[in-house]
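*Asks:* The lines below spell out each chain.
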Amino acid sequence: MQEIINIFVRSVFIDNMIFAFFLGMCSYLAVSKTVKTSIGLGIAVVFVQVITVPVNYLLLKYVMKPGALSWLGETFQGVDLSFLSFMVFIATIAAMVQLVEMIVEKFSPALYNSLGIFLPLIAVNCAILGGSLFMEQREYENIGQVLSWGLGSGFGWMLAIVSLAAIREKMKYNQIPPALKGMGITFIVTGLMSIAFMSFLGIKI
Amino acid sequence: MSGKNFKMLSNPFNLQNPVTVQILGICSALAVTVKLKPAIVMGLSVIVVTAFSNLVISWMRNSIPPRIRIIVQLVVVATMVILVDQVLRAFVYDVSKQLSVYVGLIITNCIIMGRLEAFAMGNKPWPSFIDGIGNGIGYAVILIVVATVRELFGSGTLLGFKIVPQAFFDAGYVNNGMMIMPTMALILVGVIIWIQRSYFKQLNEKE
Chain W
1 MQEIINIFVR SVFIDNMIFA FFLGMCSYLA VSKTVKTSIG LGIAVVFVQV
51 ITVPVNYLLL KYVMKPGALS WLGETFQGVD LSFLSFMVFI ATIAAMVQLV
101 EMIVEKFSPA LYNSLGIFLP LIAVNCAILG GSLFMEQREY ENIGQVLSWG
151 LGSGFGWMLA IVSLAAIREK MKYNQIPPAL KGMGITFIVT GLMSIAFMSF
201 LGIKI
Chain H
1 MSGKNFKMLS NPFNLQNPVT VQILGICSAL AVTVKLKPAI VMGLSVIVVT
51 AFSNLVISWM RNSIPPRIRI IVQLVVVATM VILVDQVLRA FVYDVSKQLS
101 VYVGLIITNC IIMGRLEAFA MGNKPWPSFI DGIGNGIGYA VILIVVATVR
151 ELFGSGTLLG FKIVPQAFFD AGYVNNGMMI MPTMALILVG VIIWIQRSYF
201 KQLNEKE
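Top to bottom, those sequences are chains W and H.
Our numbering numbers the first residue of the first sequence as 1 and each following residue consecutively.
Our numbering numbers the first residue of the second sequence as 1 and each following residue consecutively.
Wrong hints could be hidden among the right ones.
Claimed, not checked - Here are the simulated DSSO-like cross-link-like pairs (lysine-lysine), alpha carbons at most 30 Å apart as the crow flies: (1) Lys170/W to Lys201/H; (2) Lys61/W to Lys97/H; (3) Lys97/H to Lys162/H.
Since the hints were derived computationally from the structure, they do not count as laboratory data.
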């Protein structure tokens, strides 16, 4: 249990998707103009991350790892499909996003309307694929840890985008050099925010 | 090569640069630039993937049903990336280890999806191929500039060779530890955007 909480805290603060790995930067920069929309996108990312990372973990464990297919019988003992992981992960993500979109539309039209265009766009958000790839690389041991990593990484991403949006809303009233306006200053602000997050680096858990 | 094709090849270097003007593919551009060598390898991989997936999608553009085009595009790109990943593992294993998940993340690199949507779906194969190469090079150029600055000032080397002479270190010169941190990649790209937009005023954003 303690391990699961550790993974969650690490993935939100220390291994933050944006500030430590630069994942999901495109939508992070493009959709952070107002706090309201960025909260919507953040919730959508957490939602999809919590579903896709465990699903990919199960696929990896029971289908793709060397020898994972042994439950099918002796002949499949030596099969190693791990080179297919990119393709399987992205297919799962695309399918899951489609599925989540349909379910949300059916059962909670209000949430669906507030997420709007962001839901389908998440399929090509690097933070989602990155979450699954890191899950493969770090070899988490059980489904609890994987779930905690998925939730934490999604939540860390949401924290980053909402705080950037808040800063950008305030920045509208500032005098910024014309050449830095828009993207230039956003990059530098993100850099400064990531310095703030570097202070978590010293925490050992 | 005709003038139009040449323009397509050269535009992404500057006025249509995918990283600094279109703001696409930032994730990997920042993460792999601590050292010059991985940055060059990453740039080359992206050029190959962009060019060939543009070519393939452009060949298939009339037979892809519009409703499922994203999935078809993802599958084509994923195939290209698996090929590139296997080649990297076979020939430059150490670099492939350094790039870690970022090779896989080429699949969701927005440059590739962006070019497929904006160009390859509506143009003939040969111009699409040129467009892919041009945008790939535009991306690689930014990677190489950022990586050069970070490696030179962060570790005093370039491609692993010592550039800053030992005498400097004896005289009290120290490597800038900030350059190795992720932070400086963001700030450097911000500065590149600043410099570029100061020269080319038409790129400035109006708010």
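*Asks:* Now, for every hint given, state plainly whether the structure supports it.
*Replies:* Hints versus structure:
1. Annotation: proposed proximity of Lys170/W to Lys201/H holds, straight-line Cα distance about 25 Å (limit 30 Å).
2. Between Lys61/W and Lys97/H the alpha-carbon distance is near 22 Å, which keeps this suggested pair within the 30 Å criterion.
3. The straight-line distance between the Cα atoms of Lys97/H and Lys162/H is roughly 23 Å, inside the 30 Å bound, and the hint therefore holds.
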